[in-house]
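Asker: Chains as they are written, first to last, in the working numbering: chain X, 1 to 198; chain S, 1 to 198; chain L, 1 to 198; chain D, 1 to 198; chain Z, 1 to 198; chain G, 1 to 198.
Derived from the structure by calculation, the hints contain no laboratory data.
Predicted, not measured: the structure shown is a model, and the values here were computed from it.
Mixed in with the good hints, there may be bad ones.
All copies of an identical chain are treated as equivalent in the list; a pair is satisfied when it fits inside any one copy or across any two copies.
List time: in silico DSS-like cross-link candidates among lysine-lysine, alpha-carbon distance up to 27 Å [what the hints assert, rightly or not]:
hint, residue 1, residue 2
1, LYS123, LYS41
2, LYS24, LYS113
3, LYS7, LYS147
4, LYS119, LYS189
Single-letter residue listing:
6 protein chains.
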Amino acid sequence: MKHLELKNNTCYDGSQIEPMWAFKTFGIKDSSIVTWIGPMKIEQNHLVDFEDVGLEIKGEKMLHFIIEHFDVQPADINLCYHRQRIFVMIIKELLQNLGIATSRKGDDLYYQKLSSNGKKNGKLSVSIATCSVSSMKVHFALNLVEKGTPENVETAGILEPYGNIEISDVKNLVDEACKNYINEISSIKKDISKTRVF
Amino acid sequence: MKHLELKNNTCYDGSQIEPMWAFKTFGIKDSSIVTWIGPMKIEQNHLVDFEDVGLEIKGEKMLHFIIEHFDVQPADINLCYHRQRIFVMIIKELLQNLGIATSRKGDDLYYQKLSSNGKKNGKLSVSIATCSVSSMKVHFALNLVEKGTPENVETAGILEPYGNIEISDVKNLVDEACKNYINEISSIKKDISKTRVF
Amino acid sequence: MKHLELKNNTCYDGSQIEPMWAFKTFGIKDSSIVTWIGPMKIEQNHLVDFEDVGLEIKGEKMLHFIIEHFDVQPADINLCYHRQRIFVMIIKELLQNLGIATSRKGDDLYYQKLSSNGKKNGKLSVSIATCSVSSMKVHFALNLVEKGTPENVETAGILEPYGNIEISDVKNLVDEACKNYINEISSIKKDISKTRVF
Amino acid sequence: MKHLELKNNTCYDGSQIEPMWAFKTFGIKDSSIVTWIGPMKIEQNHLVDFEDVGLEIKGEKMLHFIIEHFDVQPADINLCYHRQRIFVMIIKELLQNLGIATSRKGDDLYYQKLSSNGKKNGKLSVSIATCSVSSMKVHFALNLVEKGTPENVETAGILEPYGNIEISDVKNLVDEACKNYINEISSIKKDISKTRVF
Amino acid sequence: MKHLELKNNTCYDGSQIEPMWAFKTFGIKDSSIVTWIGPMKIEQNHLVDFEDVGLEIKGEKMLHFIIEHFDVQPADINLCYHRQRIFVMIIKELLQNLGIATSRKGDDLYYQKLSSNGKKNGKLSVSIATCSVSSMKVHFALNLVEKGTPENVETAGILEPYGNIEISDVKNLVDEACKNYINEISSIKKDISKTRVF
Amino acid sequence: MKHLELKNNTCYDGSQIEPMWAFKTFGIKDSSIVTWIGPMKIEQNHLVDFEDVGLEIKGEKMLHFIIEHFDVQPADINLCYHRQRIFVMIIKELLQNLGIATSRKGDDLYYQKLSSNGKKNGKLSVSIATCSVSSMKVHFALNLVEKGTPENVETAGILEPYGNIEISDVKNLVDEACKNYINEISSIKKDISKTRVF
């Protein structure tokens, strides 16, 4: 499983969640995580979360992770959502290490920020999992700033004033998140090979 | 999925990891989590982790969770280990909320304790997953005290002096852990039913 | 698993067999059965049974059942057809209780009616199963009347003169069929949790 | 899939439910149904239904069906119980054709018999499904007579006075049940190959 | 599983790799192998091998095999590629019997031909496997002649001068390849039913 | 996936086919191939091929391969037998390269040897595949010499006078077979990640 870090400012428009995007765009013949910092503006025809139909899903500066797995055949959306949860919890662990305490509800992370009229729980992230018959995909994106996020949702960004990390921390976060996730999946494979079954 | 809390001081001897223990012992016809506080002393013929052959796996007062899933057929040890990881991370989240910062490596939790000769990383937990063709099982146990744990391993217990929680917190921890885990699995099922696939 | 009974006169045009129709139309985040009374006129682009290409599949007043399952991942068309058969047999049991003896061939029910020129076997129903990678779907529809059914097929309707039930029986039939089917799937899950495997 | 009819009076002691019994005993290298008339007396170490622990499961003259499937790998106890239900419903259809109206609850058939003190619902059958990692098995047995059935359970037999069939009907029932079941599974396979999926 | 041999000069344009082509075109309700001799010119919208995007995949006279399997549900592209490899190795065995020694790399066969400037390894075949949720498909095609193959690839054809077989051998090759492949899959099913599992 | 070559003269007694033998004996936490030269004498309680019950399965000097896969969960004996066939065909390819033309029937290789009374087809190999719920295993063994093979079976050995290879060729054969097989499985994984599905 490979980690590819993009340096450009790609906009996540929803097309990247399609199976085999990593092979078609970058020639990666393997399970992979592609990461980058960029805006998000999902086009309706690329919408995967039917609950979001008609909503604006957007942000001006987000940290994007696109995960694709080919190791389980046929692809299993149930397993894929389990892996998504594990990934989100790894991000939560890493944010905690950076001093950002978040709460989690399913695949969403929230940050309790102080505003002029008291504490507010700001949504920090968006995420979805999906699959084709041969590929399991996850998109997870973390707001770096609130700017450009939907106006009807209380959001937060990890680089905002009430946050306490810098852009260099973000680079480390990306590397750590990918490394920890890849190790987690790999450690599960190792655990299987030492376990008695009934 | 049901949570059954045992009030007696059952010793975890490894027999509880066997498939359908919950049905045979308590008549539960469903996926379940059975929890209790008690000692652990695994008998060699009940050993599921082949890496532990010849080792003493024990503790005098531990918090035990036995999870069994029948929702996926045939049972899948890969999915089962993913669920185990999610469960361990839920425990970690709850310990964090109680002020106990732990580190995690695979399915093990560690607590950095202060001893006379500096900081030490004490192992807080043991865990294993396994399955038969129809059942996925997880055992997770958290040391409440160091007493009775193997002498050749640096361990810690969440009730020890350097810890900072009480037995009433443990009761809440059990309830929260089971509730959060059951909700997590349930939320994944809901997410699947709103997701476009390719 | 939920049962939703529609009161309007929706035309079954084949679009309802598509995965996640129940979520997209009614917001149901669960396995479900949606039922209603209405006409059927399948549009060719919605055809799922390739054997029906070029045929008119229609009826003026039919009892429709749309079943969707998300409980097995990845979706399995083999299991789905087994469930379809079980559903058809439950309908057959209930019609028998109403005094309507039918014969069954695969997923089709037939009713032996008396006509001026002797006994004839009238086709009472149409059915298909299909799936996407995450969803298993069944459509089953029972003719209430012969009117509007294809002219080149001998058909029957359960409300016709030679039948012997009333519209109030139909309401009960719908409720019983859904209840019995949901219980059947649920009883299988319970049976699994009490069964020794090898 | 083959049907083998045994002519001897084999006692069903529970050993026949074990995977590959048909190959080991009769050399059948295929999915199969083995049928015979004989007593039943299940030995505790062969018990597969954990709910029956400590109970006497017996009868003096029963019609036994042992089904084994190798067509789905890995074996799936969920599918296996679906097939068991289909088999039981086929038996119910055939009994209905013989004039014996039964009711069904899960995998049990009941016959409403008249006794000196009113109507009683007599249990007509026992059944279980199980599997190993490569084989799916079903046992279904129908009481021909009440004699020898457990005393604490109200039972019935299809050859009893209040029944209305003869031993020659039983021979036909066996042939029809096996033929219909084999055709059912086969028709499902055919249906899959004509179905558009999403 | 059926073998259908086409006598016309059908052009393989990539549409034949689509699931259920055999049912939609020839009404085959079963797993099947359809074979014919004809040209190949893959249209870009029918491309299944994303590595071939932008390339010309063509030949003037090729021996085509289209395999479709419905026996495993849900379809599994991993198994499908294993079957493709088995099929290619069967072709290699048969070519060897005809005196044509080939080398194999994955799903490609190569023939070492003598040309004016020394030995060259000519690509003899193209192949791809794919699947939908219910169907597993393989296309394998062998160059009979070099004519019409892409100019930027060194190719060979089994009927070329440096080859040593005639068109009558090709007919036998087709029959043998299909028979051996069908027997292979069938022998695996038999082997399963005699094997003890753990 | 790892290849471990044993240098001692281990007797294959059937215990090596058991799941997790490689981990329990050599601590390998991965899919693996363990190879060695040694005798074979299968003990009846370790018999996996029920067709061999009561037969002597033995040889004095054989080349053994024990393959174990954990990459597919739950383990699938159907896939496992496909891999076994691929492995046997790789051995056949390599023997061909060494000038030993063999014929193959399922998982058996035969060598046509000249004896005083004409040509005879000698069985060169034995093989079996099996699995537990988490592990897929294959044993393949090639006779190096005829000595010690069952008297009631015509056998051959690749080192016998009518063969034409030396012990140094055998070392290469082992390395090539393992390398080619590991590459084959790996190339399938790569092919999946470039394939469009439907």
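Asker: Now tell me, hint by hint, if it's right for this structure.
Answerer: Now for the hints, and whether the structure bears them out:
In this assembly of identical chains, LYS123 and LYS41 lie within 27 Å of each other by CA distance solely inside one copy; the values are 17 Å within and 45 Å between copies. In this homomeric assembly, LYS24 and LYS113 never come within 27 Å of each other (Cα to Cα): the closest approach is 40 Å inside a single copy and 34 Å across copies. In this assembly of identical chains, the alpha carbons of LYS7 and LYS147 lie at most 27 Å apart only when taken from the same copy (21 Å versus 46 Å across copies). In this assembly of identical chains, LYS119 and LYS189 lie within 27 Å of each other by CA distance neither inside one copy nor across copies; the values are 42 Å within and 32 Å between.
Of the hints listed earlier, those the structure fails to meet are numbers 2 and 4, in rising order.
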